[in-house]
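Colleague: Sequence:
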Amino acid sequence: MRFVFLLIAFFVSTLSFGQVGGKGVYAFMQLPGSSHVSALGGNNISVVSNEPSFVIQNPALLNDSLLNIPVINTSKYFADIYYGSAGYAFHNRYVGNIFIGFQHFNYGKFSEFDEVGNRIGSFSAADYALCLSTSHFFSDSSFSWGVALKPILSQYESYSSYGIVSDWGLLYHNIHNLWTVALTLKNLGYQLKSYYDNHHEPIDADWQLGITKKLKHAPLRLSLTFQHLEQWNLAKYVDEKQSENTTVLGEESTQRSAFERKSDELLRHIIVATDIVISKNFYIAFGYNFQRRKELGTVTRMATTGLSWGFGFKIYRFQFHYARAAYNLAGASNMITLSSRINDWKKK
Numbered sequence: 432m433r434f435v436f437l438l439i440a441f442f443v444s445t446l447s448f449g450q451v452g453g454k455g456v457y458a459f460m461q462l463p464g465s466s467h468v469s470a471l472g473g474n475n476i477s478v479v480s481n482e483p484s485f486v487i488q489n490p491a492l493l494n495d496s497l498l499n500i501p502v503i504n505t506s507k508y509f510a511d512i513y514y515g516s517a518g519y520a521f522h523n524r525y526v527g528n529i530f531i532g533f534q535h536f537n538y539g540k541f542s543e544f545d546e547v548g549n550r551i552g553s554f555s556a557a558d559y560a561l562c563l564s565t566s567h568f569f570s571d572s573s574f575s576w577g578v579a580l581k582p583i584l585s586q587y588e589s590y591s592s593y594g595i596v597s598d599w600g601l602l603y604h605n606i607h608n609l610w611t612v613a614l615t616l617k618n619l620g621y622q623l624k625s626y627y628d629n630h631h632e633p634i635d636a637d638w639q640l641g642i643t644k645k646l647k648h649a650p651l652r653l654s655l656t657f658q659h660l661e662q663w664n665l666a667k668y669v670d671e672k673q674s675e676n677t678t679v680l681g682e683e684s685t686q687r688s689a690f691e692r693k694s695d696e697l698l699r700h701i702i703v704a705t706d707i708v709i710s711k712n713f714y715i716a717f718g719y720n721f722q723r724r725k726e727l728g729t730v731t732r733m734a735t736t737g738l739s740w741g742f743g744f745k746i747y748r749f750q751f752h753y754a755r756a757a758y759n760l761a762g763a764s765n766m767i768t769l770s771s772r773i774n775d776w777k778k779k
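Positions in the sequence shown are counted from 1; adding 431 to them yields our numbering.
Treat the hints loosely; a few may be bogus.
If you anchor each label on the Cβ, the simulated ranges turn out as follows [as the list claims (entries may be wrong)]:
| id | residue 1 | residue 2 | range |
| --- | --- | --- | --- |
| 1 | Phe533 | Lys647 | 30 to 40 Å |
| 2 | Leu769 | Ala689 | 43 to 53 Å |
| 3 | Ile606 | Asn712 | 37 to 47 Å |
| 4 | Pro501 | Phe544 | 21 to 31 Å |
| 5 | Gly527 | Ser589 | 13 to 23 Å |
| 6 | Ser553 | His607 | 38 to 48 Å |
Note that these hints are calculated values from the structure, not bench results. Using N, Cα and C, we set each Cβ at its ideal position, and we do this for glycine too.
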């Protein structure tokens with residue numbers, strides 16, 4: 432059964448291995464899968480914790496400590512848009528550790544009008560994805576690998592589309608020197624049914640590298656995440672517009688030096704984050720997403736765009752997490768996560 436799972440995942444991944452970001456469908460798959468991830472800048476693949484939702488970011492993070500912990504995440508995104516996820520991990524003697532998760536993105540309800548402006552009803556729009564993950568350790572227990580299959584359904588009014596993607600993850604976690612290094616290839620797949628007229632669209636792949644270091648004599652866990660490594664210049668559109676030498680107001684634009692352009696291109700790939708681990712049951716997290724700040728910030732007033740923060744604590748038998756991420760001056764997203772270990776409810 433494990434071989435069949437891997438064979439399907441490999442086949443799916445080869446269908447769109449070369450796609451680049453910014454032009455594809457199912458963009459909701461790039462959103463953070465939990466409050467803790469949102470607090471760490473919106474993406475993290477290298478934090479080894481007791482939160483099952485991290486498996487959505489990197490299937491190689493699935494381990495025995497995450498078993499039998501149901502988890503649910505919900506986020507008030509913007510306007511009337513909500514998204515969230517839920518998941519549960521368990522052990523199967525034939526396959527090993529398995530994580531089953533569900534992601535959804537609800538755009539809300541929209542008014543429907545005819546060609547002369549008369550309101551004739553309403554419609555909704557939403558995206559859904561199922562996550563099936565498994566992971567295994569190599570002979571050296573410091574290394575593990577994982578793979579996830581994610582069937583996707585998208586429904587906008589009468590238009591629907593479905594596809595399938597796979598995520599591949601590799602993890603090195605050294606409990607002695609407290610280093611963790613992770614590599615993931617995410618959203619490798621194919622749109623099986625297009626929204627209209629067999630016009631198939633690509634799915635944005637995302638190659639990521641993550642590094643996390645827990646300081647031995649301080650309650651700090653530092654993380655550095657590199658995203659979209661499959662495409663170096665994430666600011667290509669900006670460079671093309673600046674090369675026209677005029678702004679939208681007809682004024683001369685300021686040309687950047689080669690060093691400034693290269694530095695900007697590098698920083699757009701980076702997310703820096705830290706956890707202040709006060710105890711095993713309480714942490715505070717901060718993150719900074721350079722790409723988010725560059726793309727969504729207002730030049731005249733950047734404010735806190737790109738910054739995120741959150742915290743988590745255990746109370747009674749529940750683990751609670753909260754995160755707030757500033758996207759732009761228009762507002763910020765809020766996310767809540769709730770989980771509980773089933774064994775904690777069993778009588779001793």
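Colleague: Tell me the hint numbers this structure goes against, listed in increasing order.
Modeller: 3, 4, 5, 6
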